[in-house]
Amino acid sequence: MKSSIISAAIYLGISLTAALIFLGVTLMGNYTWVARIGGSLWIFLLSNIVLMPVVIPWVKKRGEI
Amino acid sequence: MVVEIRKRAVLPVAGMTCASCVAHVEEALNDVRGVKNVVVNLATGKAAVEYEPSLATLADMKKAVDEIGYEVVLATANLQVTGMTCASCVENVQKTVASLPGVAKVVVNLASESARVSYLPEITSISEIKKAVQEIGYGAVERVEGQEALDREKEARQREIRRQLINMIIAWSIGSLVMIGTFQPYWFLPNIVPEWMNNKVFLFLLTTPIVFGPGRQFFVNSWNGLKHGLTDMNLLYATGIGAAYLIAIINTFWPDAGFGGREATFYEAAALLTAFIILGRYLEAVTRGRTSEAIRRLMKLQPKLARVLRDGQELEIPAEEVMVDDILAVRPGEAIPVDGLVTEGYSSVDQSMITGESIPVEKKASDEVIGGTFNKTGAFKFRATRVGKDTALAQIIKLVEDAQTTKAPIQKLADQVAGHFILGVHALALGVFLFWFFVGYANWFSPESRLILTPYLLTGMGVFGFALLTSVTVLIISCPCAVGLATPSAVMAGSGKGAEHGILFKGADAMEATAKLQAIIFDKTGTLTKGEPTVTDVVASGGLSQEEILRLAAAAEWHSEHPLGEAIVRGAQERGLYLEDVDSFNAIPGHGVEVRLNGQSILLGNRKLMAERDVPLDGLLPQAERLEQEGKTVMFLAMAGKPGGIVAVADTLKETSAQAVKELHHMGLKVAMITGDNRRTAEAIAQQVGIDRVLSEVLPEDKANEVRKLQGEGLKVAMVGDGINDAPALAQADVGIAIGSGTDIAKETGHVILIKDDLMDVVAAIQVARQTLRLIKQNLGWAFGYNTLSIPIGAGLLYPFFAQMVSPELAALLMAISSLSVTMNTLRMRGYVPPIRRRRLQEAMA
Numbered sequence: 001m002k003s004s005i006i007s008a009a010i011y012l013g014i015s016l017t018a019a020l021i022f023l024g025v026t027l028m029g030n031y032t033w034v035a036r037i038g039g040s041l042w043i044f045l046l047s048n049i050v051l052m053p054v055v056i057p058w059v060k061k062r063g064e065i
Numbered sequence: 001m002v003v004e005i006r007k008r009a010v011l012p013v014a015g016m017t018c019a020s021c022v023a024h025v026e027e028a029l030n031d032v033r034g035v036k037n038v039v040v041n042l043a044t045g046k047a048a049v050e051y052e053p054s055l056a057t058l059a060d061m062k063k064a065v066d067e068i069g070y071e072v073v074l075a076t077a078n079l080q081v082t083g084m085t086c087a088s089c090v091e092n093v094q095k096t097v098a099s100l101p102g103v104a105k106v107v108v109n110l111a112s113e114s115a116r117v118s119y120l121p122e123i124t125s126i127s128e129i130k131k132a133v134q135e136i137g138y139g140a141v142e143r144v145e146g147q148e149a150l151d152r153e154k155e156a157r158q159r160e161i162r163r164q165l166i167n168m169i170i171a172w173s174i175g176s177l178v179m180i181g182t183f184q185p186y187w188f189l190p191n192i193v194p195e196w197m198n199n200k201v202f203l204f205l206l207t208t209p210i211v212f213g214p215g216r217q218f219f220v221n222s223w224n225g226l227k228h229g230l231t232d233m234n235l236l237y238a239t240g241i242g243a244a245y246l247i248a249i250i251n252t253f254w255p256d257a258g259f260g261g262r263e264a265t266f267y268e269a270a271a272l273l274t275a276f277i278i279l280g281r282y283l284e285a286v287t288r289g290r291t292s293e294a295i296r297r298l299m300k301l302q303p304k305l306a307r308v309l310r311d312g313q314e315l316e317i318p319a320e321e322v323m324v325d326d327i328l329a330v331r332p333g334e335a336i337p338v339d340g341l342v343t344e345g346y347s348s349v350d351q352s353m354i355t356g357e358s359i360p361v362e363k364k365a366s367d368e369v370i371g372g373t374f375n376k377t378g379a380f381k382f383r384a385t386r387v388g389k390d391t392a393l394a395q396i397i398k399l400v401e402d403a404q405t406t407k408a409p410i411q412k413l414a415d416q417v418a419g420h421f422i423l424g425v426h427a428l429a430l431g432v433f434l435f436w437f438f439v440g441y442a443n444w445f446s447p448e449s450r451l452i453l454t455p456y457l458l459t460g461m462g463v464f465g466f467a468l469l470t471s472v473t474v475l476i477i478s479c480p481c482a483v484g485l486a487t488p489s490a491v492m493a494g495s496g497k498g499a500e501h502g503i504l505f506k507g508a509d510a511m512e513a514t515a516k517l518q519a520i521i522f523d524k525t526g527t528l529t530k531g532e533p534t535v536t537d538v539v540a541s542g543g544l545s546q547e548e549i550l551r552l553a554a555a556a557e558w559h560s561e562h563p564l565g566e567a568i569v570r571g572a573q574e575r576g577l578y579l580e581d582v583d584s585f586n587a588i589p590g591h592g593v594e595v596r597l598n599g600q601s602i603l604l605g606n607r608k609l610m611a612e613r614d615v616p617l618d619g620l621l622p623q624a625e626r627l628e629q630e631g632k633t634v635m636f637l638a639m640a641g642k643p644g645g646i647v648a649v650a651d652t653l654k655e656t657s658a659q660a661v662k663e664l665h666h667m668g669l670k671v672a673m674i675t676g677d678n679r680r681t682a683e684a685i686a687q688q689v690g691i692d693r694v695l696s697e698v699l700p701e702d703k704a705n706e707v708r709k710l711q712g713e714g715l716k717v718a719m720v721g722d723g724i725n726d727a728p729a730l731a732q733a734d735v736g737i738a739i740g741s742g743t744d745i746a747k748e749t750g751h752v753i754l755i756k757d758d759l760m761d762v763v764a765a766i767q768v769a770r771q772t773l774r775l776i777k778q779n780l781g782w783a784f785g786y787n788t789l790s791i792p793i794g795a796g797l798l799y800p801f802f803a804q805m806v807s808p809e810l811a812a813l814l815m816a817i818s819s820l821s822v823t824m825n826t827l828r829m830r831g832y833v834p835p836i837r838r839r840r841l842q843e844a845m846a
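Residue numbers (my numbering), protein chains in the order written: chain Y, 1 to 65; chain G, 1 to 846.
Just chain G, with the same shape it has in the complex:
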């Protein structure tokens, strides 16, 4: 009889508003295989579910609900996971946490030593998650944010560096003696090293504290993993060190056992293997910290003190105690503690650390200042608008931190390979042992052969000793540490580098997608152009004067928030025209406005609007066409169904638009422009900027469709636009780039956020992403290349031809070099400046 073990979970579901929502959610959950009984409560917003854990997971249920437009709201925990050294550790932690019943998703990042867990606290508590991680041999604490996180992370890293340094000193100092003692009979050593140092019992006494001191961590950690059915790098090390040490003991105390006798004790193999592995760990701990330098620099920008004016007095208080609407004073040479608006004074502020802008920005009353930036010359006062976690700097840090805990699609493959690697390596070691035991030794073993870079002859080595040595070397040489570090370390460096230049990637996937872009669509107004159009021409007809036309148009647009409407109102005000309030106002998106003024109907808008309302434009069309060919936007005015005139408005291009488009073309990207303007106006603008593909007369709600059409051509498309107004198109694009977000980063919907309103940053973002992807590919190429080459050599492929074997300690050295080279390659990103930025800097200096 099969007994079904059912579990019960209560899922908080957001977005349900009516009974049909309840039915939808119930249906979606019931469709999940393994879900047996669903009761959804609209009032509490919860779904009670009975399910079979072997068939249905929380992730399945969440997916089912999310797919139909609702959301299972889960708690998110950010854990700092210590003790992970390779991709298998990542896989182990991920597997362990994901197997907990209340966990829907977990992303573990080796480079940032973090785990982000989406879970249901009612089923699994955070302490249970931490306990599960600790049980398999890793440390787990909840991550904290800001300066405290920086301090804690720094402390943990220094503790790890100190621990490995002590281990390294012990292993290397004693290991060197073991090596000198082992090689005492060779080269010139008999002249300077006493013979007793080669005594095997003496070497045994020296090696034992290395294996059970610094080497103990590998045995303990691998056992902790094995108990839960998990294998990691520690197991490779433990088997390797343990086997070498065991052979040495047998050869010392039972020299005739057939392992090569006293001349092949391999104490130095066990000792130096431990020493090299620990050297690798130490160097990794030191260099890994450097890949997250950019975020550290950002965190350090957070000022500690602020001068607040309270009751007419200037008080110095901790920056975190500043409240919104506090008035703060900033003196020359001081850092600005929080975000705010200047109330009095004048100064220039260095904002390069946030926006990447190299030239200081002038600040006067009502200008915005950003917390963490540096006041250069004058003194000023400002009113705090955003404090604590809401400041731009805090939001940037959070965004970059979040991005660093995500995984790029390219990493998933690497993780999958590395996850099964350890098992595969042990199986391979088994195969290699059997091959050399039954086939290889009899056919190719030569007593004159030796280990590479050692004076050892393998004369006395028996079949078991030789097969075991080869098998152990395979275990050691195959470490996938480099594979595990390849992607996350590059993503950390890349996202940090982006942040340095005011380019924020929301995740590793956004970075990878940006690097692979083939086409870019720019929104016209406010993106390619300044978004501040001005009235350039007024054409009157039907007996009205130009002033009258402009006055009526401005009155019609008085309540409009459209940039073109605002331009007309501004134009009328500048000419000193009196504007009357309208009786009624109706905005027709993508077409124009319809108002009633003094009982009369007035229409102001494009051709479409006039055509829909049957307004004859014949007399105005030649002039309209001329204006449109000049790149101006034409708006027709009609009164009581009769044409009244034309108001032409033109928006000026941003200084860098044409150059940015040229650069993008140069980088091999297709560039398009999307606008609500008619074809002629749009083409005129596009021609000025150098854009060859124009998507004109597109209504705001259709922008996403246009993006989809381009994607349908098989192109990876980015949409560059205003983060708020163009949200659907930004979301539809493979990469949504929100430009000119300024300091309100949290509101943005794009995948990439550009703090400055500079199109050259689009170019810089692609350059940073491409450089990061290049680094990832180099790292992965090196890591996989190393393993592809080293494993056959370690397995003795070259032995039949050259009679040379790789020793276990040489294998450990090669392995340490491979992961170190990946980290060093990533560190090259520290000095990277996007070429476009470097060129502009050089131009500015010249």
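One chain only, chain Y, in its complex shape:
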């Protein structure tokens, strides 16, 4: 499998998990749906930005071994 697909699967997967955890936590509190969904999207976006530069080179490096 191409390293870019593996990378995307990893960072998208982790970001999605983070966003879902966030959503889950907000469900336990008294938040509006806009805050819940908006917040989850922001978490998803920032997590992606943080993870992409870490995951892509890591996968590439492992692929070369």
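Since the hints were made in silico from the structure, they are not lab data.
Backbone N, C-alpha and C fix where the C-beta goes; we use that ideal spot for every residue, glycine too.
Incorrect hints may appear among the rest.
If you want the footprint, here are the derived chain Y segments under chain G, 3+ residues with CB under 8 Å [claimed, not checked]:
1) 28–39
2) 49–57
Each computed DSS-like pair below joins lysine-lysine, with the alpha-carbon atoms no more than 25 Å apart [unchecked claim]:
3) Y:K61 to G:K95
4) Y:K2 to Y:K61
5) Y:K61 to G:K105
6) G:K7 to Y:K60
7) G:K381 to G:K300
8) G:K63 to Y:K61
9) Y:K61 to G:K131
10) G:K227 to G:K95
11) Y:K61 to G:K227
12) G:K516 to G:K777
13) G:K662 to G:K709
14) G:K364 to G:K376
15) Y:K60 to G:K95
16) G:K105 to G:K398
17) G:K95 to Y:K2
18) Y:K60 to G:K105
19) Y:K60 to G:K36
20) G:K105 to G:K36
21) G:K516 to G:K709
22) G:K227 to Y:K60
23) Y:K61 to G:K36
24) Y:K61 to G:K7
25) G:K131 to Y:K2
26) G:K227 to Y:K2
27) Y:K2 to G:K7
28) G:K398 to G:K756
Based on these hints, arrange chain G on the given structure of chain Y.
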């Protein structure tokens, strides 16, 4: 199963002369982890290597070979990289190029927008390197040199300035309308601004072209980087602008969504954020060009035309067409086109632009003239000796350009921090969002609070809107642009300033090391002294006359190239003595000479030589000691193993030596002198100059050891000497300062090259370096200080106490001010004159 992907490379190795060299290189390469199969061919000078790219890099292999005394010869490419704005861009370009298989080393410089790449063309071509840079969103072209480079660089800079100016006009003109429209209900504005300007759909229509027009570059560039797993400043901007714009749209079209409603649309945040960032980019493009002004001035010195005498006719031709040995004519008020030797005529020439010498220098037949200098009064003709890239001016430009593409050690730390900064800021923004969402809003949010410097009340702001606003502000306020510019801009300004005064630093590391010097060793002959000794005393014994002693000594030194030998020959010739040629000549370095004249053995040299040859000196010693106490160098003459007499020679001190030593002491440096002379002579000279530490009776090959000994005391040592003869000591020192190089800069081995033969330039070099390091520290202090202060404030640290938040547009303004202040601080170097130079100028004028 793990499959190993092996690659093959053929490395050109220089310096191999025999089979054992082959074995050494093979062994060194085999020791590199990941290298599997090495075959070295002596005839072709190449090493074929199979390696695992995940374990071994080209840089590792080069290091292994270089360490054992051979050299992997790599090609060097100088690229002009456009579009870099901050330290992360530098890190991105560096990382991308370094990851290419054939690249051994890459140094990227933000201030000069350049990348110097050492690579193996057989593995990676220059076009592949350029393509890799372009793929991550930057422009890359091969750098050209000289006037063409100046033109191309100027053109590119003007294009960038023009582009950002257009963007700025669009962003600011429409952005001002958005701001006026947004604040229409506040202050006095309802009286002069129509109400429809506050219509949210109208504001949406105004803001959209700003975000997707001038702001488009941030989205495109950040996406290009992200695709390759790289983050840069553009990403911070894009997330910030995008989030503010998105909140504004939601509040306009879905006002009940909980983002603060129609009263908090933040269109002005998206518009002014873009406008401020572009203002910062524009000002940076304008001011950054000014830090490289010195090299530009040097390039402009290169004359375009030359008057050549061919077939008895005076022809005006382009300067680059002048050939070596052409005879050229120069009239008063004209620039000298190339380097050469005056053949006829007399004039005074202003050389200040090359040597920093303020007083014009007189030129007569056989004097050297430098291309690019300015002929003042008379007319003269000269023969071209160096043309094109070999001229002193071309060499100076190249050296300064090369220096500007290097990195000071202090920059490496800044680069490392800035390189991981963007990632850290996004992680921080994530943390800040979570904190304000789950903890901060519930505990501290006040509907009466407002954004700093705005009339906005955050009344309708929901938990998500508030947490998002804080998170976006952190992204914007944390820009490390200033960190990226701090060091390279100061190095550019400093190296250029040095060149203006005839002081050439070979790299940023040399400049930093010079600034940190604690001790200076001066070579005596030719450095502290004029290097032109004269015969002062002749003592005869053993029945020979003084004239006979001098005649024999001069004959012995007839073939010597040592300055003392030349002085004796000159002394004999001045006295009209007839010199015979010797039968054999043997120079004994550090001791003297041994010759045979008319079948007789003659020794001329120091005590060591006489002691080694068992020549008794008892009768001559009292006189020798007296002469040595006067600072004279004593040479004993012996014939057939018997003492014949003494020839004393003294070298005169340069006019500025004592003053330079005094200045260096005043600057807190330890000053030492190194010489082959005996202790008494050396001490006498040292006393005259004010030097307290003397390293005497040091053989030429031991000078480097003496430097090492001082370094062993924990001192940062500079060695000042003749660039060619003292090469090992200059190389051993933390900073080798080659003095009086004149115009043949390319031959020099020092880390710092002083064009003039003036010891005060050693002082000036340290002053320039210290001022540059001071600037670097100020810049870094400001840049890191700004981020340390601004990030907590942007994250809302003050909100619980003052109920005031930094708005994203204010964050953008602060960020632009921080990088601008660093550049402005660096520009102070433009007016800098080393204090020692300023004082001398004032003295000369008085």
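Comparing the hints with the structure gives:
{"no.": "1", "hint": "28–39", "in the structure": "holds (count 7)"}
{"no.": "2", "hint": "49–57", "in the structure": "holds (count 8)"}
{"no.": "3", "hint": "Y:K61 to G:K95", "in the structure": "13 Å, holds"}
{"no.": "4", "hint": "Y:K2 to Y:K61", "in the structure": "13 Å, holds"}
{"no.": "5", "hint": "Y:K61 to G:K105", "in the structure": "19 Å, holds"}
{"no.": "6", "hint": "G:K7 to Y:K60", "in the structure": "16 Å, holds"}
{"no.": "7", "hint": "G:K381 to G:K300", "in the structure": "23 Å, holds"}
{"no.": "8", "hint": "G:K63 to Y:K61", "in the structure": "22 Å, holds"}
{"no.": "9", "hint": "Y:K61 to G:K131", "in the structure": "21 Å, holds"}
{"no.": "10", "hint": "G:K227 to G:K95", "in the structure": "14 Å, holds"}
{"no.": "11", "hint": "Y:K61 to G:K227", "in the structure": "16 Å, holds"}
{"no.": "12", "hint": "G:K516 to G:K777", "in the structure": "13 Å, holds"}
{"no.": "13", "hint": "G:K662 to G:K709", "in the structure": "24 Å, holds"}
{"no.": "14", "hint": "G:K364 to G:K376", "in the structure": "13 Å, holds"}
{"no.": "15", "hint": "Y:K60 to G:K95", "in the structure": "14 Å, holds"}
{"no.": "16", "hint": "G:K105 to G:K398", "in the structure": "20 Å, holds"}
{"no.": "17", "hint": "G:K95 to Y:K2", "in the structure": "21 Å, holds"}
{"no.": "18", "hint": "Y:K60 to G:K105", "in the structure": "20 Å, holds"}
{"no.": "19", "hint": "Y:K60 to G:K36", "in the structure": "22 Å, holds"}
{"no.": "20", "hint": "G:K105 to G:K36", "in the structure": "22 Å, holds"}
{"no.": "21", "hint": "G:K516 to G:K709", "in the structure": "18 Å, holds"}
{"no.": "22", "hint": "G:K227 to Y:K60", "in the structure": "13 Å, holds"}
{"no.": "23", "hint": "Y:K61 to G:K36", "in the structure": "19 Å, holds"}
{"no.": "24", "hint": "Y:K61 to G:K7", "in the structure": "15 Å, holds"}
{"no.": "25", "hint": "G:K131 to Y:K2", "in the structure": "21 Å, holds"}
{"no.": "26", "hint": "G:K227 to Y:K2", "in the structure": "14 Å, holds"}
{"no.": "27", "hint": "Y:K2 to G:K7", "in the structure": "20 Å, holds"}
{"no.": "28", "hint": "G:K398 to G:K756", "in the structure": "18 Å, holds"}
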